[in-house]
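Q: Work the whole structure out from these sequences, hints included.
The residues making up each chain are set out below.
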Amino acid sequence: MLFNNVHKHEWSDQEVEQIIGNLLRGGVILAAIVVGIGGVLYLFRYGSVFPDYRVFRGEPTELRSVSGIIRASPSLHSRDLIQLGLLLLMATPVARVVFSVFAFARQGDRMYVVVTSIVLVLLIYSLLGQSLTIR
Amino acid sequence: MTTLEFTFIVATGSLAAGFLGSLTGLGGGIVIVPLLAIVLGVDIRYAIGASLISVIATSSGAAAYVKEGYSNIRIGMFLEIATTLGALAGAALAARLAPSLIAIIFGLVLIYSAYLSGRSRPDHLDDDAPDSLAALLKLDASYPTPGGPRPYHVHAIPAGFSLMFIAGTLSGLLGIGSGAVKVLAMDRAMRLPFKVSTTTSNFMIGVTAAASAGVYLSRGYIDPGLTMPVMLGVLLGSLLGARVLMKVRSRILRIVFCIVILLLGLEMIYNGLTGRI
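Chains as they are written, first to last, in numbering that gives the first Met the number 0: chain V, 0 to 134; chain G, 0 to 276.
These are computed hints drawn from the structure, not numbers from a lab. Model, not experiment: these values are computed from the prediction. Hints may contain errors.
[Unchecked claim] With a Cα cut of at most 20 angstroms, we get these calculated SDA-like pairs of lysine to any residue: (1) G:Lys-137 x V:Val-54; (2) G:Lys-194 x G:Ala-140; (3) G:Lys-137 x V:Ile-69; (4) G:Lys-194 x G:Leu-262; (5) G:Lys-194 x G:Leu-115; (6) G:Lys-137 x V:Phe-101; (7) G:Lys-137 x V:Ser-11; (8) G:Lys-137 x V:Glu-14; (9) G:Lys-137 x G:Tyr-69; (10) G:Lys-194 x V:Gln-13; (11) G:Lys-137 x V:Arg-105; (12) G:Lys-194 x G:Pro-145; (13) G:Lys-137 x G:Ala-188; (14) G:Lys-137 x V:Arg-56; (15) G:Lys-137 x G:Arg-190; (16) G:Lys-194 x G:His-152; (17) G:Lys-137 x V:Val-112; (18) G:Lys-194 x G:Ile-156; (19) G:Lys-194 x G:Val-243; (20) G:Lys-194 x G:Leu-235; (21) G:Lys-137 x V:Ser-116; (22) G:Lys-137 x V:Leu-29; (23) G:Lys-137 x V:Gly-25; (24) G:Lys-194 x G:Ala-155; (25) G:Lys-137 x V:Asp-12; (26) G:Lys-137 x G:Ala-155; (27) G:Lys-194 x G:Thr-144; (28) G:Lys-137 x V:Gln-106; (29) G:Lys-194 x G:Thr-273; (30) G:Lys-194 x V:Gly-107; (31) G:Lys-137 x V:Gln-13; (32) G:Lys-137 x V:Ser-47; (33) G:Lys-137 x V:Arg-109; (34) G:Lys-194 x G:Arg-242; (35) G:Lys-137 x G:Pro-148; (36) G:Lys-194 x G:His-154; (37) G:Lys-137 x V:Val-100.
A: As structure tokens, then:
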């Protein structure tokens, strides 16, 4: 045990918590900036139009999937940019789970590597699986 | 009403919701959907999509609590299996249920939340025997107190896990953080210390909401123009609320917010029953 600590620094739960806290905060700040820029552009472009959210129409296909949003984002169109920011926000908890798998692996906690991986698979299914199966 | 005016109203309402939600610990999402659906006449599916996004933002944005060492990451990760499964089920259900039925369920959850937060939550004295399943899953831990770290035991894991599945389902169906059901699971069933259950619940909400948000996104329920002011407003409001929280005693505010939630709940049920939503 002592020998182990000498050549490989194990992360304590506190250190993992610090990193997770920073990761979450960083992701949200980044997402908020992208959404904010998109929002300003959106209001310049559509500010004087009359919106209608009473009737549900659903979003166009390019704003519905991860691949669609990423493909549309270089156009810097305001709605695409907001959607990209929202996607970054949705990716933040996913990044946290990915990091947790890594952190538990480094702590040698196999059971929690499995537990965390199950959550990760469910999240990835939600974000990517849907867009592959539902059209 | 132009988009500029509409965005301004939504942002202001979201700011207030996020502020009150974090000050009272009830979360902002719970009033966003009624605000959009009843007051502004937004289709409930758009409203739920926007609220879900704001829930992710507040959970991750107020990440300071993770660093204070109250939240139990192992309990959080383990229970997230239940909440993400529930969230996927709830999001699938949302596409099949009539909007008016969703409104009625939403109203009932609002009323229940108001009732639950109106009650006091005594901290349990933890001198009972440890649970063997909790030991196996390494869930027992300690939390910081002024007198040094204080150990606690976790109980009734199957009951807590099942309740968490329900919390996840409600989150995916209604676009809320389901704080009330999570409290029921962790406070009452698993008998966690107050600070540990609230902070761990906050920590889990982001992952739970992200699971259902993926489904909402692919169904076209997340509209950028509507979600933008909701997300930014709630996020800013909840960060402000967390600042103020340290300074004010929020008992009266809590009662007022409870009454607001109760009225919104009744309004949602009325609108659902009369087919207006």
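Q: Now look at each hint and say whether the structure bears it out.
A: Hints versus structure:
1. G:Lys-137 x V:Val-54: Roughly 50 angstroms between the alpha carbons, so the hint for G:Lys-137 and V:Val-54 is violated.
2. G:Lys-194 x G:Ala-140: The given pair, whose Cα atoms are some 13 angstroms apart, holds under the 20 angstroms limit.
3. G:Lys-137 x V:Ile-69: Not OK: G:Lys-137 and V:Ile-69 at ~40 angstroms, beyond 20 angstroms, violated.
4. G:Lys-194 x G:Leu-262: violated (29 angstroms)
5. G:Lys-194 x G:Leu-115: Distance ~17 angstroms between G:Lys-194 and G:Leu-115 Cα, so the pair holds.
6. G:Lys-137 x V:Phe-101: holds (18 angstroms)
7. G:Lys-137 x V:Ser-11: Holds: G:Lys-137 and V:Ser-11 sit about 15 angstroms apart, inside 20 angstroms.
8. G:Lys-137 x V:Glu-14: holds (18 angstroms)
9. G:Lys-137 x G:Tyr-69: OK: G:Lys-137 and G:Tyr-69 at ~16 angstroms, within 20 angstroms.
10. G:Lys-194 x V:Gln-13: holds (17 angstroms)
11. G:Lys-137 x V:Arg-105: With a Cα-Cα distance of about 17 angstroms, the restraint between G:Lys-137 and V:Arg-105 holds, given a limit of 20 angstroms.
12. G:Lys-194 x G:Pro-145: This hinted pair holds, its Cα atoms lying about 13 angstroms apart.
13. G:Lys-137 x G:Ala-188: Holds. G:Lys-137 to G:Ala-188 sits at ~18 angstroms (cutoff 20 angstroms).
14. G:Lys-137 x V:Arg-56: violated (48 angstroms)
15. G:Lys-137 x G:Arg-190: holds (16 angstroms)
16. G:Lys-194 x G:His-152: Holds - the C-alpha atoms of G:His-152 and G:Lys-194 are around 14 angstroms apart, at most 20 angstroms.
17. G:Lys-137 x V:Val-112: holds (13 angstroms)
18. G:Lys-194 x G:Ile-156: holds (19 angstroms)
19. G:Lys-194 x G:Val-243: Distance of about 18 angstroms is within 20 angstroms: holds.
20. G:Lys-194 x G:Leu-235: Since the Cα atoms of G:Lys-194 and G:Leu-235 sit roughly 23 angstroms apart, the hinted pair is violated (cutoff 20 angstroms).
21. G:Lys-137 x V:Ser-116: holds (17 angstroms)
22. G:Lys-137 x V:Leu-29: violated (34 angstroms)
23. G:Lys-137 x V:Gly-25: violated (29 angstroms)
24. G:Lys-194 x G:Ala-155: At roughly 19 angstroms apart (the allowed maximum being 20 angstroms), G:Ala-155 and G:Lys-194 satisfy the hint.
25. G:Lys-137 x V:Asp-12: holds (13 angstroms)
26. G:Lys-137 x G:Ala-155: holds (14 angstroms)
27. G:Lys-194 x G:Thr-144: holds (10 angstroms)
28. G:Lys-137 x V:Gln-106: Cα-Cα ~13 angstroms, so holds.
29. G:Lys-194 x G:Thr-273: violated (41 angstroms)
30. G:Lys-194 x V:Gly-107: Measuring from Cα to Cα gives roughly 28 angstroms; hence the hint is violated.
31. G:Lys-137 x V:Gln-13: Roughly 16 angstroms separates the two Cα atoms, so the pair holds.
32. G:Lys-137 x V:Ser-47: violated (57 angstroms)
33. G:Lys-137 x V:Arg-109: Distance ~12 angstroms between G:Lys-137 and V:Arg-109 Cα, so the pair holds.
34. G:Lys-194 x G:Arg-242: Roughly 17 angstroms separates the two Cα atoms, so the pair holds.
35. G:Lys-137 x G:Pro-148: holds (17 angstroms)
36. G:Lys-194 x G:His-154: Roughly 16 angstroms separates the two Cα atoms, so the pair holds.
37. G:Lys-137 x V:Val-100: OK: G:Lys-137 and V:Val-100 at ~16 angstroms, within 20 angstroms.
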